[in-house]
Amino acid sequence: MSATRGILAAAGYVPYRRLQRSEISKLFGSGGGKGTRSVASYDEDTTTMGVEAARLALAGTDARPATLLFATADPAYLEKTNATTIHAALRLDADIAAFDAGGAVRSGIGALQVALRSTEPTLVVASDLRGGLPTSIDESASGDAASAILVGEGDVIAEFIGGAQRSAEFIDRWRTPGDPRPRQWEERFGEVQYLPLADEAFRAALKSADIEAAQVDVAIVTGPHARAVKALGGKLGVNKVADDLTGVVGQSGTAHAALLLTHELERAEPGQVIALVHICDGADVLLFRTTDALAAKRGSSRSIDAQLEHTADIGYGKYLSWRDVVRLEPPRRPEPNRISASISARTRDFKYGFVGAQDRGSGAPHLPPQRVSREGGALDDMEPLPMSDVEGTISTFTIDRIAYSPSPPIAFAVVDFDNGARLPVELCDVDTSTLAMGDKVEMTFRRLFTADGIHNYFWKARPLRG
Amino acid sequence: MPSHGIKDRVAIISMGCTPFGEHWDKGADDLMIESTKEAFDNVGLTKDDIDAYWLGTAMSGMSGLTLSRPLQLVGKPVTHVINHCATGSESLRNAAYAVASGAYDLAMAVGVEKVKDSGYQGLVGASHAPSDGTARTLTAAAMFAMCAPAYGKKFGVSDTEMRQVLAHIAQKNHYNGARNKRAQFRREVSIDTICNAPLMAGGLGVYDCSGVADGSASAIICRAEDAHKYTDKPLYIKALSFVAGSCSGNADPGYDYTWFPEINMAGKDAYQQAGITSPREQLAMAEVHDCFTPAELLIMEDLGFAERGTAWKEVLGGTFDLDGDLPINPDGGLKSFGHPVGASGLRMFFEAWLQLRREAPDERSIKTVDRGLALCHNLGGYPGEMVSFVGIVGNELG
Chain A
1 MSATRGILAA AGYVPYRRLQ RSEISKLFGS GGGKGTRSVA SYDEDTTTMG
51 VEAARLALAG TDARPATLLF ATADPAYLEK TNATTIHAAL RLDADIAAFD
101 AGGAVRSGIG ALQVALRSTE PTLVVASDLR GGLPTSIDES ASGDAASAIL
151 VGEGDVIAEF IGGAQRSAEF IDRWRTPGDP RPRQWEERFG EVQYLPLADE
201 AFRAALKSAD IEAAQVDVAI VTGPHARAVK ALGGKLGVNK VADDLTGVVG
251 QSGTAHAALL LTHELERAEP GQVIALVHIC DGADVLLFRT TDALAAKRGS
301 SRSIDAQLEH TADIGYGKYL SWRDVVRLEP PRRPEPNRIS ASISARTRDF
351 KYGFVGAQDR GSGAPHLPPQ RVSREGGALD DMEPLPMSDV EGTISTFTID
401 RIAYSPSPPI AFAVVDFDNG ARLPVELCDV DTSTLAMGDK VEMTFRRLFT
451 ADGIHNYFWK ARPLRG
Chain B
1 MPSHGIKDRV AIISMGCTPF GEHWDKGADD LMIESTKEAF DNVGLTKDDI
51 DAYWLGTAMS GMSGLTLSRP LQLVGKPVTH VINHCATGSE SLRNAAYAVA
101 SGAYDLAMAV GVEKVKDSGY QGLVGASHAP SDGTARTLTA AAMFAMCAPA
151 YGKKFGVSDT EMRQVLAHIA QKNHYNGARN KRAQFRREVS IDTICNAPLM
201 AGGLGVYDCS GVADGSASAI ICRAEDAHKY TDKPLYIKAL SFVAGSCSGN
251 ADPGYDYTWF PEINMAGKDA YQQAGITSPR EQLAMAEVHD CFTPAELLIM
301 EDLGFAERGT AWKEVLGGTF DLDGDLPINP DGGLKSFGHP VGASGLRMFF
351 EAWLQLRREA PDERSIKTVD RGLALCHNLG GYPGEMVSFV GIVGNELG
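Each protein sequence line maps, in turn, to chains A and B. For the first sequence, our numbering begins at 1 and goes up steadily by one. For the second sequence, our numbering begins at 1 and goes up steadily by one.
One should not assume that every hint holds.
Stated by the list, open to error - Here are some, though not all, of the chain A residues that point toward chain B, as calculated from beta-carbon distances under 8 Å:
no.: 1; residue: Trp-174
no.: 2; residue: Val-218
no.: 3; residue: Arg-332
no.: 4; residue: Pro-334
no.: 5; residue: Pro-336
no.: 6; residue: Ser-340
no.: 7; residue: Pro-368
no.: 8; residue: Arg-374
no.: 9; residue: Thr-398
no.: 10; residue: Asp-400
no.: 11; residue: Arg-401
no.: 12; residue: Tyr-404
no.: 13; residue: Gly-420
no.: 14; residue: Leu-448
Because the hints were derived from the structure by calculation, they are not lab data. Keep in mind it's a predicted model, so treat the numbers as computed, not measured. The beta-carbon is built from N, C-alpha and C at its ideal position, and this holds for glycine as well.
Take the sequences, apply the hints, and build the full model.
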């Protein structure tokens, strides 16, 4: 193992909306609990959340991956690779590989391990949209989130100093394809299985790094089995067990290990040892030591804590409709047609990467790209103009109560970007009562609608917060 | 924009117009048969006397067969034109050029739309062209709703004042439409009702939006020198102007949603063709595309009926009322008629036809008729990306 291999950049993405768990028992008389869980908007899926986390991670470094791995237990597509959508939204070069590691919750920590043991710079994106039947523990205790970690060598913020794992076949949690309901065997059984596996893996990891448990400054312990996670935290003999964000975000499945690792990296000091312990179908332990580069890169992209400061609650009814548990009456307008594969391929850079065109002569920006300039009329004298990280201002806006939307009404604005471009575009994550001309916005990758099983991904603008 | 125009070279010698409304018992065929029959009968011509036809329809057909089949036209050229919500006007414009060229002696423009068979309220676009899914998905109401706050902010009109201005426009058009037997909505609507209607998009309520209707209108044209063979009261075409915008308004932050440059350009071109220097004083009336109340407000300035930033005061002052200095939409406009896309433009000319021939009923005849000139305006599309038509007709040569 190279001494300098480790984490070059890390970021988490937590959606804007929160569900107060108490709302669940208010409606059904059971379920729920204390605190909140994060809720992906109706126009988000694991792919779009993964894009957001990955954008934040890459914003913190000049390094770029040779491989992109995307892990989720709730893939937007089967058969088709979801990582290629993320690849396109990140505007990664075509020679960068993009693979899915989908299906199981353990695939998130698994992809991270593969990356750490590889020799190439690898971007690991993990994302999950978690739920269960109404009033279930899975519904209330889980949350939606994504994480992205760029693994490589060189100027790492955390060095990978060791790790170990144990695999074991036993039935703890399961879900068959197409079933929205995860199921779990009696909790005690899993607990009894997990604790010795985790202990073995933790000791082996410490040995591989040649350190003692007392040298671990903070241990992150997570996994879908809440009871085993709680029991394990007290048995590791480390200085501190990290906040696992289940009070405000919820357990985000495939994304959660890297989300918590990011959360700790965002608050750690250089020279600290962080243990990441994940129990799910076995046990996985990864050990990191933070470096001096950590302080230098701090604040280079939006932290998880910063995201948790700016949230808005969503009603339980709306939550149930967003997750397709209840179907609300749609506007009486025709539903959109499926998008064209060939047109989407031609407009890939704009549609997925939000790249406009800039006239070399006049400098006039064009969204969407045009071949003929709107200033001067030059033909084919344009260069690509990446726009996804350019902020904008709402010039004028409206609320459309009659247009088709998966979740009406549509908030829509004419956005004037800071570089002189303009695009009339849909808004998201907005509270329409406080929307105003002059508000600042940023772009975010969303799923506009799905028709004939084809997801229509494009960009929306959301208010700039924090 | 150097366009020579065809002032006084072509005349409208007859027109027909069906009632606009929810014709559950009539198809596009029936509506075209009715509007063309009225135009034929008025002037004693038959379908065989017409040398060439232009059909405007945006959603009810794909070719000239849409007209030749129901009318059983034999051996006639039928040109299908489509140009968004200006489709009806476009049929007249192209037919007029054909006559002016000398290619034909008699031509007929027919506009029709059968909208109410879609099963949806509002217009449902005929285009199912494949796309990449990145284009906006808003309704037209929402697009035009964005103009009201933009105008208010630029010219210091409060939301409360703007609500009154837009309500005045809707009330005026419904007042006029209540006096028109061909209108779909023939009822006056109070300012209170308009202001308290359910919101559709932005600040626009139900009464700020034009309705949807089925309908058809037709016009027969000939060379101006032949007009008196057919009627003592022809209307002469003074100007026909059309601008298809570059759609740069939605890419250029310089566009502020308080005006429609395409309309402004089409208006200036039409005035130049017609030799009009002071439209507010020289025009007897105008039919404008009041698809949504903010559109009519902005059009008043784009067409030079009011100085920039002042139209809202003129509206409140009654300038554009039926008895005002310059009556706008004396027939009730899209607000009262609804908007069968292919027919609306010709429906506007039908009102000019009635008014300038002094055949409009007393209760809505304009007092300014002696000026002898009427303007008809269509737009199609949305703020920032639209087509615009402006035509001017007069009841005298010269």
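Hints, verified against the model:
Annotation: interface hint on Trp-174/A violated; nearest CB of chain B at approximately 35 Å, more than 8 Å. The beta carbon of Val-218/A is not positioned within 8 Å of any beta carbon in chain B (closest approach about 44 Å), and the interface hint is therefore violated. At a threshold of 8 Å, the smallest CB-CB gap from Arg-332/A to chain B is about 6 Å, leaving the interface hint in force. Of the supplied interface hints, the one on Pro-334/A holds, with its beta-carbon coming within about 6 Å of a beta-carbon of chain B, less than 8 Å.
Hint status for Pro-336/A relative to chain B: holds, with the closest Cβ pair at about 7 Å, below 8 Å. Checking Ser-340/A against chain B by beta carbon gives a least distance of about 4 Å; that is within 8 Å, so the hint holds. A distance limit of 8 Å between C-beta atoms decides the matter here; for Pro-368/A the minimum to chain B is near 7 Å, and the interface restraint holds. Interface restraint check: Arg-374/A against chain B, minimum CB-CB distance 4 Å, threshold 8 Å, status holds.
Taking 8 Å as the C-beta contact cut-off toward chain B, the hint placing Thr-398/A at the interface holds, the least distance being around 4 Å. Interface restraint check for Asp-400/A: the shortest CB-CB distance to chain B comes to about 4 Å, inside 8 Å, so the restraint holds. Interface hint status for Arg-401/A: upheld, as the beta-carbon distance to the closest one in chain B is roughly 6 Å, under 8 Å. Contact between Tyr-404/A and chain B, as hinted, is supported at the beta carbon level, the nearest pair being about 7 Å apart and thus within 8 Å.
About 6 Å separates the beta-carbon of Gly-420/A from the nearest beta-carbon of chain B, less than 8 Å, and the hint is met. The closest approach between the C-beta of Leu-448/A and any C-beta of chain B is roughly 6 Å, which is under the 8 Å cut-off, so the hint is satisfied.
Checked against the numbered hints above, the structure breaks hints 1 and 2 and satisfies the rest.
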